[in-house]
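Chemist: Given chain A's structure and the hints, the job is docking chain B onto it.
2 protein chains.
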Amino acid sequence: MDIIESLQWRYAAKKFDPSKSVSPGDLKTILEAGNLAATSYGLQPFQFVVVSDPDLRQQLVPFSYNQPQPGQASHVIVIAVNTNVDADFIKASATYTEQVRGLEDGQLDGYAKQMIGAITSMDEEQRLIWAQKQSYIVLANLMTACAALKIDSCPMEGFVPAEYNRLLDLESKNLHASVVLPIGYRAEDDEQQNFTKVRRPLKEMTHYL
Amino acid sequence: MDIIESLQWRYAAKKFDPSKSVSPGDLKTILEAGNLAATSYGLQPFQFVVVSDPDLRQQLVPFSYNQPQPGQASHVIVIAVNTNVDADFIKASATYTEQVRGLEDGQLDGYAKQMIGAITSMDEEQRLIWAQKQSYIVLANLMTACAALKIDSCPMEGFVPAEYNRLLDLESKNLHASVVLPIGYRAEDDEQQNFTKVRRPLKEMTHYL
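Protein sequence lines correspond, in order, to chains A and B.
When we follow my numbering, the leftmost residue of the first sequence carries the number 1, and every step to the right adds one.
When we follow my numbering, the leftmost residue of the second sequence carries the number 210, and every step to the right adds one.
A portion of the hints provided could be inaccurate.
To be verified - Across the chosen pairs, the derived CB separations fall in these ranges:
no. : chain 1 : residue 1 : chain 2 : residue 2 : range
1   : A       : Leu-103   : B       : Lys-322   : 54 to 64 Å
2   : A       : Asp-169   : B       : Ser-232   : 21 to 31 Å
3   : A       : Pro-18    : B       : Asp-378   : 29 to 39 Å
4   : A       : Arg-101   : B       : Pro-227   : 24 to 34 Å
5   : B       : Pro-227   : A       : Ser-52    : 43 to 53 Å
6   : B       : Glu-380   : A       : Glu-124   : 21 to 31 Å
7   : B       : Pro-263   : A       : Pro-201   : 25 to 35 Å
8   : A       : Asp-55    : B       : Gly-367   : 38 to 48 Å
Said to hold, decoys possible - Computed list of lysine-lysine pairs in DSS-like fashion (alpha-carbon distance at most 25 Å, straight line):
no. : chain 1 : residue 1 : chain 2 : residue 2
9   : B       : Lys-382   : B       : Lys-300
10  : A       : Lys-150   : A       : Lys-28
11  : A       : Lys-14    : B       : Lys-300
12  : A       : Lys-113   : B       : Lys-300
Since the hints were derived computationally from the structure, they do not count as laboratory data.
By construction, the Cβ of each residue, glycine as well, lies at the ideal position given by its N, Cα and C atoms.
Bound conformation, chain A alone (with noise of 0.2 Å):
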């Protein structure tokens, strides 16, 4: 199974290579995994925010509690969730699959409207937590396409999202950082890669019912 050699070949990389870099093809690769999540009623909550800029890279360190990895990576993907999943947002969805699937104006609006009522019932802080929910079900993908690429990847919740948001003017997109992923090829001095991975075994993870 390549994938759990995939996934056994993974490890969050403390240190990247810095002069090392992604080609645009492989992170084409990487964003088009993300891209093919799946999300909660297929509405794709999130925006992919890809910081290569080195200055802005070094910028995003102090806000990443001194992490040095968003330095030192060859790019950031920060994934940012929407934060105007509203019935507009939804009603464009809808069309949009419409179109895509070649159906009739408005074959969909029945299911915009249940769409709509689902979401709308949650307030603002149940629809981010909704939305960022999401968002780690990409950051899954991304992680998985780097490691069938060989490329070294770091998942990171230790950020200031409001710094974020401010220094990647995510605000005015309606934009809001969830998760950070660096991506590149790890420092050959990167002790951590040479830890052994730790799992509980399965048997001690699951019930069988």
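Modeler: Quick look at chain B alone, frame taken from chain A:
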């Protein structure tokens, strides 16, 4: 890229063929992929509850807003999050890591203290959300592994956690149902399989900085 093909192949099955079962070997591979998911601090704050009993699967249907998939699928994998991620849970995790990596007893005490500080600074609700986010990484890995094995699945947020907790006796195990994945094989007449996958184009999903 195999992973892109797998992710393209995947769809949310609306109707499973109840006569087809996922083999024990494939089930193990799928769960292994989930168990290899990255989680915050590597704490793995979740358990798999794998329901194969047909009666029990059927009992889940009314608490799944009458979606039929739990009743038809080969197995229903409930990803349940731990509600007891406290200092003891974290210390046990650190001790296990010391054992697996051949470290000295107590060598990770400082790191454990740091984790305990971070996790216990969250209130009960925040901690649940934190664990649930991790469970969505696990969910993604399960779906990707299924697709790699040409096994169908259907991620489900539409269920009543309290009723799942009750039916599956989760509270006594300090668990809370987070997200649900029926797996199995699509019914030949599941119309959903013929629909074009809808994703907004990558260029509309991405900002480059």
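Chemist: None of the hints should be skipped; say for each whether it holds.
Modeler: For each hint, the structure was consulted:
1. Leu-103(A) to Lys-322(B): 54 to 64 Å: holds (57 Å)
2. Asp-169(A) to Ser-232(B): 21 to 31 Å: Once the Cβ atoms are compared, 50 Å apart, the range 21 to 31 Å for Ser-232(B) and Asp-169(A) is violated.
3. Pro-18(A) to Asp-378(B): 29 to 39 Å: Once the Cβ atoms are compared, 51 Å apart, the range 29 to 39 Å for Asp-378(B) and Pro-18(A) is violated.
4. Arg-101(A) to Pro-227(B): 24 to 34 Å: holds (28 Å)
5. Pro-227(B) to Ser-52(A): 43 to 53 Å: holds (49 Å)
6. Glu-380(B) to Glu-124(A): 21 to 31 Å: Between Glu-380(B) and Glu-124(A), where Cβ atoms are some 29 Å apart, the hint holds.
7. Pro-263(B) to Pro-201(A): 25 to 35 Å: holds (28 Å)
8. Asp-55(A) to Gly-367(B): 38 to 48 Å: holds (45 Å)
9. Lys-382(B) to Lys-300(B): Holds: Lys-382(B) and Lys-300(B) sit about 19 Å apart, inside 25 Å.
10. Lys-150(A) to Lys-28(A): Holds - the C-alpha atoms of Lys-28(A) and Lys-150(A) are around 15 Å apart, at most 25 Å.
11. Lys-14(A) to Lys-300(B): Holds, at about 23 Å.
12. Lys-113(A) to Lys-300(B): The given pair, whose Cα atoms are some 48 Å apart, is violated under the 25 Å limit.
Checked against the numbered hints given earlier, this structure breaks hints 2, 3, 12; the rest are met.
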